[in-house]
Amino acid sequence: MKALRTACAITAMTLGSTAMAADISDDKVKVGVLTDMSAVYSDISGEGNVVAARMAIEDFGGKVAGKPIELIYADHQNKADIAANKARQWVDDEEVDVIADLVTTSVALAVNQVADREGKEVITLISGAASTPITNEQCIATGIHWTYDTYALANGTGRAVVEQGGDTWYFLTADYAFGDSLQSQVSRVVKENGGEVLGASRHPLETSDFSSYVLQAQASGAKIIGLANAGGDTINAILAANEFGIVQGGQKLAGLLMFITDIDALGLEVAQDLYLTTGFYWDMDEKTRAWSERFFERHGAMPSMVQAGVYSSLMHYFEAIEKAGTDETFAVREQMGKMPVEDFFSRNGRIREDGRMVHDMYLAQVKSPDESTRKWDYYNIVSTIPAEEAFQPLSQSKCELVNN
Amino acid sequence: MTELIGISPQLLFAQVLVGLINGAFYAVLSLGLAVIFGLLNIINFSHGAMYMVGAFCSWLGMQYLGINYWAALILAPVVVGVIGLLIERTLLRRIQHEDHLYSLLLTFGLALMLEGIFVELFGVSGQRYPVPDLLNGGINLGFMFLPIYRAWVVAAAVVVCFTVWYLIERTKLGAYLRAGTENQALVQAFGINVPMMRNLTYGFGVGLAAFAGVLAAPIYSVAPHMGSSIIIVVFAVVVIGGMGSVLGAIITGLGLGVIEGLTRVFYAEISNTVIFIVMAIVLLLRPAGLFGRQS
Amino acid sequence: MNRTTILYAVLLALALVAPFGVYPVFLMKVLCFAIFACAFNLLLGFTGLLSFGHASFFGVAGYVTGNMLRDYGWPVEFAILAGVAAAAILGTVFGWLAIRRTGIYFAMVTLALAQMVYFVCVQAEWFTGGENGLQGVPRGALLGVIDLNNDLSLYYFILAVFIAAFWFIHRTVTSPFGQVLKAVRENEPRAISLGYNVDRYKLMSFVLSATVAGLGGALKCIVFQLTSLTDVHWYTSGEVVLMTLLGGMGTILGPVVGAGTIVTLQNYLASGAFASSVPIVLGFIFVVCVMAFRRGIVGEIHAFVKRSF
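Residue numbers (the numbering used here), protein chains in the order written: chain R, 1 to 404; chain E, 1 to 295; chain X, 1 to 309.
If you're looking for bench data, these hints aren't it; they were derived computationally from the structure. Since this is a predicted model, take the numbers as computed values, not measurements. Do not rely on the hints blindly, as some may be mistaken.
As the list claims (entries may be wrong) - Derived EDC-like pairs (lysine to aspartate or glutamate); straight-line CA-CA distance at most 20 angstroms:
{"#": "1", "chain 1": "R", "residue 1": "Lys-223", "chain 2": "R", "residue 2": "Glu-293"}
{"#": "2", "chain 1": "R", "residue 1": "Lys-287", "chain 2": "R", "residue 2": "Glu-328"}
{"#": "3", "chain 1": "R", "residue 1": "Lys-375", "chain 2": "R", "residue 2": "Glu-293"}
{"#": "4", "chain 1": "R", "residue 1": "Lys-252", "chain 2": "R", "residue 2": "Glu-269"}
{"#": "5", "chain 1": "R", "residue 1": "Lys-338", "chain 2": "R", "residue 2": "Glu-319"}
{"#": "6", "chain 1": "R", "residue 1": "Lys-120", "chain 2": "X", "residue 2": "Asp-151"}
{"#": "7", "chain 1": "R", "residue 1": "Lys-375", "chain 2": "R", "residue 2": "Glu-269"}
{"#": "8", "chain 1": "R", "residue 1": "Lys-120", "chain 2": "X", "residue 2": "Asp-147"}
{"#": "9", "chain 1": "X", "residue 1": "Lys-182", "chain 2": "E", "residue 2": "Asp-99"}
My request is simple: use the sequences and hints to build the entire structure.
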């Protein structure tokens, strides 16, 4: 029923939008960056996202369709209820037109609910969250999942590792929805490519000591230990594996969700040779370097893929408004879907009707200390995973906006 | 649950050993907490933050002043101890006659501030601290590969724990301290400077936390939130051992490390909760904890 | 006495016009936490028992209410009642086990039990949505006619429930039952020697407190249309202690003021220049409160009024 309602709304709006000229609600476009500024994801998102959003607004000239762009931001501390509260207030009370970042899945899902209320729809540009339900069971008409998701991560790293002979796996999995979905998606990829899963240990979130789990993984005899966790858990797991001589013993690690800030925290000595899948790396070509150096000057660290994604998504949003001549939610969403996404961040990008922005993903390998010439010089890009292969095919989508 | 039967004795033995190593951390941390509670009646919620500051001290020292691990092992506890002295002198002393609740709230506030400041300064991802050269590598024990550093941690922790236990329970100094808690006025009448004694005790207690922090630095990532995830477990350890019982804190710390390690094999999901289950059972059966004096 | 009546009348008038000046959802959040803090104060302030597991009642009631509304299609009134009933049952179990202990041990038993509840909530994904939370709860319609999706209608409904809860706690505290509770708080052996079955009074106080805390959680679930693990986490248990102490433990209005202050701080600090330093500012406020305003905001005002007039 919701799908029907939104479908009607989209048609009505697209029919109507051609007639409207420069129709910007309350004479401004207001961008809200809702992010984690003080808790576990503040390095990959946080202040850096505010910087990225500011850069996007400045680079666009501070105005879109002749009207000024405003920015507000808030810290949600990774709590879905704080995020939902803030988002509601922004939409109801402060005329926010678009909400960006939304790191961590529970936050993204909660804010999507707020963004999907009849008559009060706004666009969400989700960059930080990882789980696939955002564009499947719980998809909304105005939500766009920009940077990466667990399917793409599993697909990239899982396949590459099996192809290189890593055909028996043991998982260290964070005991919550994200860890589960990452593990099951990688398992599927491993099996499809002829590999075998020997077992898994499910550890509670925010475990500091992984030696127990590492020993279990060691005892399993698997060639590959897959880390289906994130942030501090992944870092501590890798440190423990290093300490207990896992790599010297012939087993290899595969970090399934790793950001450049994690590599920075681990140091190349420990992290070298790890495979990982990423949506963006700052040192890929002229365009990525140019943008990232500017970002570095303002933020003091190279951008994570989430931060680059926030910039890219906002630029695309502004362009869509410019083109559509309105900031009306459905018209802008429609316009965004029509335009390919092609910038320093996204190659061969497009937004599908389930809200997934598909773009080229990259398989990277962490450099050894000798190869690295400077701080942040961490990855070798091993291969490019074409946009249409990287993400879940639309035909498998469980999103009700897709006619399957 | 075929895994249950499938576990080899070697793996099980390795898990017990790993559990003991974790237990050593719990023991040192809960020891400091128990000393502070037992002698000062303060529930020190900033203990985890002090552990974190200790780890950061050693990292900062290495990064900016070239201080090596062995020096940090002494210096970091001293630095944090001095911070503790200042906190006790300027804040905690003024509320020592109020309800426990207020010291808990105050130290909770301090912990929030400290963590927030370190997040502002260093970000959340954490910093890497290398294992000192002397302790690098590992020994093959046949049933497992034991990193030398972990063996060192257990040895250092056990020595420190039992030294402190001896100091407090078996020496004259300890007797004064204990007497000072029982009846401050009387002990003061004997010419002992009780406020100074309390001051030093608090500094010593948080110094122990910092010592654990330095021990932890090469194993875990040195990160602002490293203390907040461990503090509540350490609280549980102290309560199970019997509030204020030094020996209780040590033995319970080690024991719970082992129990936690074994749960990680059989039912890993519950490993963070198992300590609380033990706590509930112990408190319902033995109100004052395992080693507490019944009042 | 008269002054108090005027005060309450002014407060009521303010509450009635508030949603026209302030964002109603924010006000509703304050009211939900105010109910929670008042319930907690019944136990801490008037019975002298510090529970460190109250988030369990708050969160579990939210989960039950949310499930009833979303998956079973119950009318909103019954869904709330179901949530409150769940909190009452859970409170009975907690209370029955915990009241055997006193002081810090009491706090620790409640903490331990609450951690177990938290664990169950993490695992029971079919009921709680796990880490993602229980999302997409419909607000429903009051008595089948008043649409609660309208923020204003919901606000007045929640205000009415809040007033009822507040009045209920006020009556409980001033009743003979409440007097016995205070006697227990002040001098337990004395109360026993006077022939009161102290354990029974403690248990009743605990269950009442848990039940009303559950009411707060059930309402919060309806306001935000979600309940998440944050609501059952020990941090929330700590937050309600802070609200109560900040506002003034053992005063009737204190918890309301405390809840209002903390929620406002969190809300306004979260955006703008201080966004990344919310923990620092909150921590600093606690330190200042403990050092300078131990009686809490309302307690200090009481004391000031007493001294000056």
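Comparing the hints with the structure gives:
| no. | hint | in the structure |
| --- | --- | --- |
| 1 | R:Lys-223 <-> R:Glu-293 | violated (38 angstroms) |
| 2 | R:Lys-287 <-> R:Glu-328 | violated (31 angstroms) |
| 3 | R:Lys-375 <-> R:Glu-293 | holds (13 angstroms) |
| 4 | R:Lys-252 <-> R:Glu-269 | holds (15 angstroms) |
| 5 | R:Lys-338 <-> R:Glu-319 | holds (11 angstroms) |
| 6 | R:Lys-120 <-> X:Asp-151 | holds (13 angstroms) |
| 7 | R:Lys-375 <-> R:Glu-269 | holds (13 angstroms) |
| 8 | R:Lys-120 <-> X:Asp-147 | holds (17 angstroms) |
| 9 | X:Lys-182 <-> E:Asp-99 | holds (17 angstroms) |
Checked against the numbered hints given earlier, the structure breaks hints 1 and 2 and satisfies all the rest.
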